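> The primary structure of each chain is shown beneath.
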Amino acid sequence: MGTILIVAEIQGGKIREASFELASIAQKLAAAGGHQVRSLVSGKGIAALAEEFAKKGGGDVYAAEHESLGSYCVATASRAIRAAVDASGAELVLLSNTPSGWDVAPRIAAALDAAFVSDCFKVELEGGKLVCHRRVFNGKLDARVSTNGPRTVVTVQPGATSPFAGSTSGKVTPLAVEFPAGARARFVGIKIAESKGVDLSKADIIVSGGRGVGAPEKFREVIQPLADALGGAMGASRPVVDAGWLPHHYQVGSSGQVVQPKLYIAAGISGAIQHLVGMKTSNYIIAINKDPDAPIFEVANLGVVGDLFEIVPALTKALLAAKG
Amino acid sequence: MKILVCLKQVPHQDARLDVRSDGSWIQEDNIKFEINSYDTYALEEALRVKDATQAEVVVASIGPDRVTQALRTALGMGADRAIHVKDPAVEGSDPLGIAKILAAIAKAENPDLIFTGFMSDDGNFACVPPMLAELVGIPSATAAVQVERKNGTLSVSREIEGGAQEVVELTAPCLVAVQTGINQVRYASLKGIMAAKKKPLDVKTVADLGLAGQVGAGAAKIKVEKIAPPPKGSGAEMLTGSTDQIVSGIVGKIKELGLL
Numbered sequence: 430m431g432t433i434l435i436v437a438e439i440q441g442g443k444i445r446e447a448s449f450e451l452a453s454i455a456q457k458l459a460a461a462g463g464h465q466v467r468s469l470v471s472g473k474g475i476a477a478l479a480e481e482f483a484k485k486g487g488g489d490v491y492a493a494e495h496e497s498l499g500s501y502c503v504a505t506a507s508r509a510i511r512a513a514v515d516a517s518g519a520e521l522v523l524l525s526n527t528p529s530g531w532d533v534a535p536r537i538a539a540a541l542d543a544a545f546v547s548d549c550f551k552v553e554l555e556g557g558k559l560v561c562h563r564r565v566f567n568g569k570l571d572a573r574v575s576t577n578g579p580r581t582v583v584t585v586q587p588g589a590t591s592p593f594a595g596s597t598s599g600k601v602t603p604l605a606v607e608f609p610a611g612a613r614a615r616f617v618g619i620k621i622a623e624s625k626g627v628d629l630s631k632a633d634i635i636v637s638g639g640r641g642v643g644a645p646e647k648f649r650e651v652i653q654p655l656a657d658a659l660g661g662a663m664g665a666s667r668p669v670v671d672a673g674w675l676p677h678h679y680q681v682g683s684s685g686q687v688v689q690p691k692l693y694i695a696a697g698i699s700g701a702i703q704h705l706v707g708m709k710t711s712n713y714i715i716a717i718n719k720d721p722d723a724p725i726f727e728v729a730n731l732g733v734v735g736d737l738f739e740i741v742p743a744l745t746k747a748l749l750a751a752k753g
Numbered sequence: 693m694k695i696l697v698c699l700k701q702v703p704h705q706d707a708r709l710d711v712r713s714d715g716s717w718i719q720e721d722n723i724k725f726e727i728n729s730y731d732t733y734a735l736e737e738a739l740r741v742k743d744a745t746q747a748e749v750v751v752a753s754i755g756p757d758r759v760t761q762a763l764r765t766a767l768g769m770g771a772d773r774a775i776h777v778k779d780p781a782v783e784g785s786d787p788l789g790i791a792k793i794l795a796a797i798a799k800a801e802n803p804d805l806i807f808t809g810f811m812s813d814d815g816n817f818a819c820v821p822p823m824l825a826e827l828v829g830i831p832s833a834t835a836a837v838q839v840e841r842k843n844g845t846l847s848v849s850r851e852i853e854g855g856a857q858e859v860v861e862l863t864a865p866c867l868v869a870v871q872t873g874i875n876q877v878r879y880a881s882l883k884g885i886m887a888a889k890k891k892p893l894d895v896k897t898v899a900d901l902g903l904a905g906q907v908g909a910g911a912a913k914i915k916v917e918k919i920a921p922p923p924k925g926s927g928a929e930m931l932t933g934s935t936d937q938i939v940s941g942i943v944g945k946i947k948e949l950g951l952l
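Chains Z and F are the protein sequences, given in the same order. Every letter in the first sequence is one number past the one before it in my numbering, and letter 90, counting from 1, is 519. Every letter in the second sequence is one number past the one before it in my numbering, and letter 161, counting from 1, is 853.
Same shape as in the complex, but just chain Z (with noise of 0.2 Å):
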């Protein structure tokens, strides 16, 4: 049978939590197949981390040690993964679905001209052949995605499942990988935005608007005050700042504040992934939104379908009333 390959990360000098899990699933579908796993783990000073991975669940590491793949660029860590592919004869290619896997997978399944699936959840073999599962509609609906072709690039959602366990005694294999001169595109740096306005992520209590409060003046009028009520601070969903009504310091989800409060409540958030990621982990969820089906309903401990402009003032004034 054929190989897989699992593209390891490196974040802050350690082997990211989402390649372990990538080979959770390498390793289940290499026992249920008959595949050998095979892992590439590049950057600059990898070598103890080459040999963890190898123990770890990553088989036979291809171990790219070079200058140029110390922070992530596209055109390095292309050349990289078609490298390791191109050595290990790959028929499955695994990735994370984190800023680099998204940014440089795609390219590389173009390039082999393979069957290619994103941010799957669940990877599985039936009948011999891969399905993967993953969210279409920004979460609201579950796809199931068959592929066919000799081979195949997918990115697992980071989360999806659990860090392999087990041990593996693969051995570490050198790859040179070529840098010809020219790049057209180079890594430049990273930038830590500068936090200004609440730190939510020491709120105790959060109340987050989204788009269905409709308008930026709807957030000083009914949003704040229950906030305020409540002597907690005020938050947002993305399609809020993307729109300008809120500065980005509101965002709570992936790409804003991750929080944990003792309360949450979300109105008028449907609850796409990116916002459930950055508040599912919070005390006690209420939310209160207009469709029935929206996903939030599935993170919250107490759900109303309802009309927030009216059901939230209707709250505001009777916890003002509650403290006297």
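Everything labelled a hint here was simulated from the structure, so no lab data went into it. Treat the numbers as computed from the prediction; the structure is a model and nothing was measured. Glycine residues also receive a C-beta, built at the ideal position from the N, C-alpha and C atoms. Not one of these hints is a red herring.
Simulated restraints, written as ranges between beta carbons of each label pair:
1) F:Pro780 <-> Z:Asp657: 53 to 59 Å
2) F:Asn843 <-> Z:Gly431: 45 to 51 Å
3) F:Ala904 <-> Z:Gly499: 42 to 48 Å
4) Z:Glu496 <-> F:Met886: 53 to 59 Å
5) Z:Pro609 <-> F:Asn722: 51 to 57 Å
6) Z:Ala751 <-> F:Ser881: 48 to 54 Å
7) F:Ser716 <-> Z:Lys484: 40 to 46 Å
8) Z:Ala540 <-> F:Gly902: 18 to 24 Å
9) F:Asn843 <-> Z:Ala461: 49 to 55 Å
Here the structure of chain Z is known, so what remains is to put chain F in place on it, guided by the hints.
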């Protein structure tokens, strides 16, 4: 300078998503469509370059008759020319097939820059833009939240995790797939909409692009077999009744949590 913007028309964000009886996709009859939200930001980014440099902005889209409306909207916002790939042979294409069609257009148009949205609001694959760049042989950057032009290079800030941004420099010609919120998207003015009626809108077939037999269901390497609402977990405890009943239910819960 020439800029190509790739647009996808998708079901309106507030459209009812009913799954077809065979489960293959959603029911598209009688629902509203709109330009994919990410793509409106891509178009705006291109129009800003046009405002500064007089660049020509060409918009391209693939799909049935209804796509004309999306292209007319883009022309109304300020794009100069539109290309509509309308051909039943496109049906069933996978994202790589779509990328091949767009690559054929890009090779014929030879733009200096290509702007696209980061992903589509329906399929959420986020893969056509890098595939297109690979097929054309140009560099690409995804999830762009800031783009600065300096002569022949673009400095692109990509949104990565934890609120950080990764800066990458691309040599033109190149492709940038933009994240939502990168700019404030303009509306088409009445004057713009009137002017758009006279702007060229070319309709092309797959054969016109030299891709007969290379795209469509027969060439697709992946297939969305079935879509369905996600399995319901235990979900939330739902409060029903009058507004007063609902409110007292919530207040009771907040008291119970010791937060009042």
